[in-house]
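Novice: Listed below, chain by chain, are the residues.
There are 2 protein chains.
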Amino acid sequence: MTHRLDATDPLAAYRDRFVGAETPLVYFDGNSLGRPLTAMGPRLSRFVEEEWGGRLIRGWDERWLELPQRIGDDLGRVVLGAAAGQVTIGDSTTVLLYKLMRAAVAARPGRTEIVLDRDNFPTDRYVAAGVAEECGLTLRWIDVDLTAGVTPELLADAVGERTALVVLSHVAYRSAWLADAPELTRIAHDAGALVLWDLCHSAGSVPVTLDEWGVDLAVGCTYKYLNGGPGSPAFCYVAERHLPELTQPIQGWLGSVDPFLMGPSYAPAPGIRRFQSGTPPILGMLAMQDMLALVKEAGIGAVRAKSVALTSYAVELGDELLAPAGVVLASPRDPARRGGHVTFTHPLMREVTAALWERDVVPDYRDPGGLRLGLSPLSTSYAEVERGMRLVREALAGLT
Amino acid sequence: MTHRLDATDPLAAYRDRFVGAETPLVYFDGNSLGRPLTAMGPRLSRFVEEEWGGRLIRGWDERWLELPQRIGDDLGRVVLGAAAGQVTIGDSTTVLLYKLMRAAVAARPGRTEIVLDRDNFPTDRYVAAGVAEECGLTLRWIDVDLTAGVTPELLADAVGERTALVVLSHVAYRSAWLADAPELTRIAHDAGALVLWDLCHSAGSVPVTLDEWGVDLAVGCTYKYLNGGPGSPAFCYVAERHLPELTQPIQGWLGSVDPFLMGPSYAPAPGIRRFQSGTPPILGMLAMQDMLALVKEAGIGAVRAKSVALTSYAVELGDELLAPAGVVLASPRDPARRGGHVTFTHPLMREVTAALWERDVVPDYRDPGGLRLGLSPLSTSYAEVERGMRLVREALAGLT
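So the sequences go chain by chain: S and Y.
At position 324 of the first sequence the residue is numbered 324 (my numbering), and the sequence of numbers has no breaks.
At position 129 of the second sequence the residue is numbered 529 (my numbering), and the sequence of numbers has no breaks.
In case anyone wonders, no lab produced these hints; they're calculated from the structure.
For each residue, glycine too, the CB sits at the ideal point set by N, CA and C.
Partial list, computed: chain S residues near chain Y (C-beta under 7 angstroms):
id, residue
1, 33
2, 44
3, 57
4, 252
5, 262
6, 284
To be clear about the criterion: a stretch of chain Y counts as covered by chain S if any three or more of its residues have a C-beta under 8 angstroms from a C-beta of chain S, and this derived list gives those stretches:
id, segment
7, 426-436
8, 457-469
9, 762-769
This is chain S alone, in the form it adopts within the complex (with noise of 0.2 angstroms):
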């Protein structure tokens, strides 16, 4: 029998899309790794065999060489409220957050600081810790709640005249803490500094609108909410008016202005190319394509709305079946100011995790003591949102 809420979703019919969308199991991990479409086995074995295959060689020359910014334009377009030219796909979010922040902290000559806060996603803390011990800055932590993020009024009170960069979380990894992006960026701007958005957990799955916030740089993975497969190239934005001056430290052929002219020496490509290195990895970037042309058809705005109404029925599930068992609500219970996934709280979150997984019950355990649930709206029913939340509690009774 259909949820009634299913019944009723004008994006259920998307979830048939998904691979593994028909089997029993319960997936609240789709903001960590997303399922591929079934449009992705026959979209590869077709590169195989005609593009990979067919057209070998030339496929640099007809099409590769000019996919990342291709793609780029498209998540710019779709996904992100960014104008064409700002923003192209490769290496690892990891790799371009070294990039940028190197990029950003040149452009800020004499300020000494870089602000972030400390529930910041680790590879954000660790490689801005390294660009700051190399560049001679030092790191200037915000305090935040576990369950909340950055507020305007915390970073006000962080940044100031010797701040280079502030580098934040549209969404927080763990509280799924959405913050309050454009005020943000403003209190940075009003310090002279730039700042540096990581949109791992909120690029697919919250509206993003990039230019209209006036950012100048950002990163993100796509692997979570769209779906390009297990370590698919991550994506950079740089706004227009930074790319000329702006440069990185990785200089590769393919950033260069001319890759085939093969010459002496180095000189940045005048686009957004010039924050590429290598040779673009091109057969991961083949399932987010698909993934995109998805959230285009159902638009953005209405996969953030199922996105609040799943992520809502779940807050609501968890007061009824979770809290009188001792869990604790560790997101924001305003969906103004919440992400696509929910965390829960108890001592034994770890083994009930464990206990879940072993009966295809799939979500997240993030310390300390946190069961996250990410809820991918164009392939999570609210049927398994509450199927999942039943077992949540049968596990939980199970271990107490």
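Following the hints, position chain Y against chain S.
Specialist: Coordinates of chain Y only, in the frame set by chain S:
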């Protein structure tokens, strides 16, 4: 009718394992982008359905997190002559060059020069220039003959007590000059320098024995003779003796000692994994595994023997068919000093290349005036070489 040389080629049957081998296309660019194996399409479909789609996020724990090191070990055993624990897969050649160069110069404090040759591949030269600039070092250039490469004499003249690092290509991308890697490594070491070998144009076609040669560092790509697909991830080798002391600047979570602890600060993993940064590109690692299995089955010695026979045949046909038209061999005539490709020069070769592409003969063009023929041993037949060389003569005749 079977070509007389194909009839006696013990590796002839391998050609049927590649997509498109049955078509009339003459493919002389397997040293730039190897053909896909026919096994690839089905392998990718299976991966999407069963591994990515079926295991989802659990795939990381079950298999993917270790995959870069597992394939690295296979690569070490089958084609690099490297014991386990010293090779990993990830990023692009360019990004790995950056990481290893930064690691190397930090390990030789007080030394002020990076030595490399003017004919090294552009990305190697560009990365080295960037690393030198940011670390306050200078580049010391070796001038080489375009039809040859770095000899022991040239290197001995260039290195000294100021040399921190020597960066060399094992096979030169234009001339196919095959460097005397053990001797050049010894010369660099005698000067107290580290040596970084770029194996892009040799790995998979020329036997490499990194451990035996005492090499410190190496990188290479997997889309040429390892048939990993367009933009498949690169590999790096760091000798075990250096692993405890060498660190790289892109401090990402997946190179940290315990990624899922997500602790407050970065500490590098003890082994080769410290050279990883972001999430490993799993989809891009699938194709190279089948090719590695094929090379293992054939044996790298037999692969090299066929490679020498193919390039010698091309040289012989060049003497017969092209030399009378003023074409000059720009690769070593001695097969012991020649890698897996052959370059012929003539002032019209750019136009010849364009004309050949029109007729489904696909070589590469490299300035100045070089027609480069890459003869990937397991997918190229002698009949293909003969037909291709005759068509080169025709194309040239049509232009003069």
